[in-house]
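2 protein chains.
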Amino acid sequence: MRIIEIKDGMNKRKTLNELLKREDEDNLEIENTVRDIINNIKRNGDVALKEYTYKFDRVELENIKVSKEEVEEAIDIVGEEFLNILKEASENIRIYHEEEVETTWFKDFGPGIKLGQKITPIKRVGLYVPGGTAGYPSTVLMTAIPAKVAGVKSLAMVTPPDSSGKVDPYILAAAYVANIDEIYKVGGAQAIAALAYGTETIEPVYKIVGPGNIFVATAKKQVFGKVDIDMIAGPSEIGILADEKSNPRIIAADLLSQAEHDEMAAPIFITTSKEQAEKVEEEVYKQIEKLPRKDINLKSIENYALGIIARNKDEAIEWMNEFAPEHLEILYDNPETYLDKITNAGAIFLGEYSPEPVGDYFAGPNHTLPTSGTAKFSSPLGVYDYFKRSSIIQYNKDALEKVGDKVQKFAKKEGLFAHANAIDIRFQED
Amino acid sequence: MRIIEIKDGMNKRKTLNELLKREDEDNLEIENTVRDIINNIKRNGDVALKEYTYKFDRVELENIKVSKEEVEEAIDIVGEEFLNILKEASENIRIYHEEEVETTWFKDFGPGIKLGQKITPIKRVGLYVPGGTAGYPSTVLMTAIPAKVAGVKSLAMVTPPDSSGKVDPYILAAAYVANIDEIYKVGGAQAIAALAYGTETIEPVYKIVGPGNIFVATAKKQVFGKVDIDMIAGPSEIGILADEKSNPRIIAADLLSQAEHDEMAAPIFITTSKEQAEKVEEEVYKQIEKLPRKDINLKSIENYALGIIARNKDEAIEWMNEFAPEHLEILYDNPETYLDKITNAGAIFLGEYSPEPVGDYFAGPNHTLPTSGTAKFSSPLGVYDYFKRSSIIQYNKDALEKVGDKVQKFAKKEGLFAHANAIDIRFQED
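The listed protein sequences derive, respectively, from chains R and S.
Okay, so the first sequence: first residue is 1 according to my numbering, each after it adds one.
Okay, so the second sequence: first residue is 1 according to my numbering, each after it adds one.
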């Protein structure tokens with residue numbers, strides 16, 4: 001774990017990019033592999049989809065669609081207690097996301113002029129859920145429930161099978177709780193291609209959401225434009241704002257809860273106390289010993305973890321805004337009074353009793369958050385990702401007549417005479 | 001112009017894709033050219049930027065930044081009358097977009113639990129404005145004003161110079177009216193790269209918006225992830241819903257107002273009257289004779305224009321939703337009663353006196369709209385494109401204690417023991 005002190009003349013962006021190794025590089029090899037996969041799925045549909053599943057997931061599938069029996073079996077395995085936890089989490093997620101619902105409006109903007117905006121759910125959406133150790137039932141809830149709240153009618157989930165051809169029962173149980181009844185056992189770039197272009201079995205969708213590995217992320221970027229995508233997820237991160245009163249054990253535990261996600265996860269804290277920074281480091285190495293994912297934790301801590309010592313809170317917050325963490329914890333007293341100064345963060349956790357995991361699973365806000373500094377321009381996944389807007393414009397004859405001349409002048413300055421003609425013709429005799 | 005009749009068993013998607021030649025193909029040559037340009041700008045900054053400007057725009061520039069004097073000169077050329085039209089349009093655009101403003105909220109969700117969502121403008125945004133005949137002052141207003149309404153503090157506009165090193169005065173005048181004081185005379189993929197990665201002269205931005213040619217669109221797609229982008233604009237289109245009472249001269253004029261944009265523009269109408277469809281075709285060829293952009297119009301009409309005869313209004317609307325036009329005109333009586341049935345359209349123009357040009361320049365809603373069928377998943381450019389959201393989560397000790405056990409069980413099922421530890425540690429003695 002590296003600890004640095006902020007000094008005069010340090011460039012925030014440069015320093016952080018270097019320390020966090022945040023330089024984006026093209027990976028043409030992966031891009032070409034993914035392009036070939038997408039083209040093959042476009043041409044050969046289900047046949048190619050099954051070939052890739054055999055190649056990458058090591059299983060030959062007769063049916064890629066998950067059956068009702070498979071879901072029922074999963075529910076049995078998962079058991080009632082956990083099913084109830086899933087249901088309670090779902091309810092919290094639903095209640096929070098209801099706040100994000102927007103409604104169509106249409107109203108007067110002057111004599112003879114009505115303007116508005118229509119809100120319409122996207123008709124059909126695809127959800128990607130990773131397999132293996134990165135496959136989380138919480139991801140199913142977090143991607144599906146806002147879609148349901150938005151009114152999306154048709155949801156297709158894809159997730160890679162294991163080598164016995166099965167999907168993790170916890171993922172299936174979460175899909176059951178979230179009311180997803182169309183699930184396919186396919187993963188990787190080939191699943192993204194199938195959702196974007198359709199195959200004999202899978203109807204194409206208009207938007208694809210959900211996290212995935214580099215192949216999935218690259219495929220999402222390549223099909224973007226043909227369909228919409230939510231965001232391109234990178235390694236996860238946490239930023240903790242602490243002062244001399246914050247508890248180093250808590251800071252250490254929270255850094256580690258991020259570190260265990262991924263060897264490339266970036267857990268950082270910015271504090272105004274050098275003494276405390278040293279205690280945090282000590283605590284991190286003490287707690288790490290007891291963790292089953294110690295290896296992943298160690299790699300993340302060694303390569304990406306950072307303690308930054310700021311000279312005051314304003315400086316600390318400025319550096320944190322430049323880091324733009326996926327998860328931000330503010331461990332100051334009266335943390336809500338600092339909200340105005342926070343400009344870049346996916347989710348903001350206030351105070352000592354709001355650890356990140358309560359947001360990951362239970363509180364209600366989405367855990368699909370902008371990573372790798374993209375909180376500078378991106379938002380958490382939300383209901384707004386599942387609807388789209390249409391402007392509404394209605395002028396009557398008098399209103400159009402009044403502005404017609406100006407519209408025509410504008411059009412002609414742009415060289416668009418047929419635009420001007422479309423106004424003229426409405427006021428000419430047949 | 002082609003006229004088809006809908007028959008039983010026709011597949012809407014397939015039929016429209018074939019007629020509109022809407023098959024997306026990779027263009028690896030352009031992708032590679034653009035990748036090289038981006039990498040060169042990343043490595044060589046301003047030097048490369050000036051080299052490309054010399055190569056593509058045929059002008060050697062000393063300063064790429066537009067000076068105050070250049071803006072003042074442009075204002076003189078444009079003159080007061082047009083400046084006033086720009087100001088009036090701006091005011092309408094501002095008033096409409098004020099409706100899209102969202103505000104931060106933070107409230108109780110149960111004992112000891114507060115949740116919320118913070119709205120923060122994106123700090124710095126780049127606006128691309130095409131040059132030549134596709135360079136419209138209205139584009140400047142439509143991209144800049146929602147950014148200002150959202151509270152974006154720093155806006156950088158890029159637009160290619162002509163071979164004398166000047167920018168169209170109407171574009172500069174629009175920038176002046178929209179309060180943009182940072183303008184660079186660079187265009188193409190190199191301008192997008194400069195905005196995304198920064199050069200000595202241009203500070204990098206977090207989001208790039210605005211239309212452009214295939215090189216600009218490809219560059220936007222390649223830098224997406226490093227920065228956000230608005231959308232990938234394709235050829236423009238209009239869809240008109242007409243019945244036997246609609247005026248064929250108006251339908252023809254409105255088809256042509258779309259056709260003049262671009263040889264690949266798709267102007268289509270769906271009517272319930274075969275007789276009328278024939279009259280529309282006649283009118284199109286009559287009106288086209290008088291238009292200065294006759295050649296562009298003819299190519300669009302011959303290759304992409306479509307008259308579709310539906311057996312009833314419901315069928316007409318279903319086909320229109322599959323077309324998902326950028327601009328939709330509803331020429332039925334009481335057009336507002338059909339709004340509920342419209343699911344895919346960028347902007348909806350209601351009734352005979354709401355022609356598309358009134359929306360292009362003046363009414364207020366944005367004219368930057370989803371093209372090429374992307375209205376199935378995209379929205380008009382809006383204030384929401386210029387802010388981002390952060391979730392806010394605050395639990396007190398009691399509230400966390402109450403749910404701690406469930407959060408831990410969830411975390412452990414996902415194999416995330418450090419997540420569980422982050423809860424534990426808060427309730428252990430030091």
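A couple of the hints might just be wrong.
[Said to hold, decoys possible] What the simulated footprint calls covered on chain S by chain R, stretch by stretch (three residues with Cβ under 8 Å from a Cβ of chain R suffice, anywhere in the stretch; the number is not a length):
{"id": "1", "stretch": "96-107"}
{"id": "2", "stretch": "110-119"}
{"id": "3", "stretch": "395-404"}
[Claimed, not checked] Heads up, incomplete: computed chain S residues facing chain R, CB under 8 Å, no partners named:
{"id": "4", "residue": "Ile30"}
{"id": "5", "residue": "Lys123"}
{"id": "6", "residue": "Gly165"}
{"id": "7", "residue": "Lys166"}
{"id": "8", "residue": "Pro169"}
{"id": "9", "residue": "Asp254"}
{"id": "10", "residue": "Tyr285"}
{"id": "11", "residue": "Ile317"}
{"id": "12", "residue": "Gly346"}
{"id": "13", "residue": "Ala347"}
{"id": "14", "residue": "Phe349"}
{"id": "15", "residue": "Ser354"}
{"id": "16", "residue": "Pro355"}
{"id": "17", "residue": "Asn421"}
{"id": "18", "residue": "Arg426"}
Don't read these hints as lab results, they were simulated from the structure.
For every residue, glycine included, the Cβ atom is placed at its ideal position computed from N, Cα and C.
How the hints compare with the structure:
1. 96-107: holds (count 6)
2. 110-119: holds (count 5)
3. 395-404: holds (count 6)
4. Ile30: 14 Å, violated
5. Lys123: 7 Å, holds
6. Gly165: 22 Å, violated
7. Lys166: 17 Å, violated
8. Pro169: Cβ of S/Pro169 sits 10 Å from chain R, so the hint is violated.
9. Asp254: Cβ of S/Asp254 sits 5 Å from chain R, so the hint holds.
10. Tyr285: 13 Å, violated
11. Ile317: 13 Å, violated
12. Gly346: 6 Å, holds
13. Ala347: OK, holds: S/Ala347 within 8 Å of chain R, min 4 Å.
14. Phe349: 5 Å, holds
15. Ser354: Holds - the Cβ of S/Ser354 comes within 8 Å of chain R, reaching about 5 Å at its closest.
16. Pro355: Because about 4 Å separates S/Pro355 from the closest Cβ in chain R, which is inside the 8 Å limit, the hint holds.
17. Asn421: 5 Å, holds
18. Arg426: Holds, about 6 Å.
In summary, the numbered hints that this structure violates are 4, 6, 7, 8, 10 and 11.
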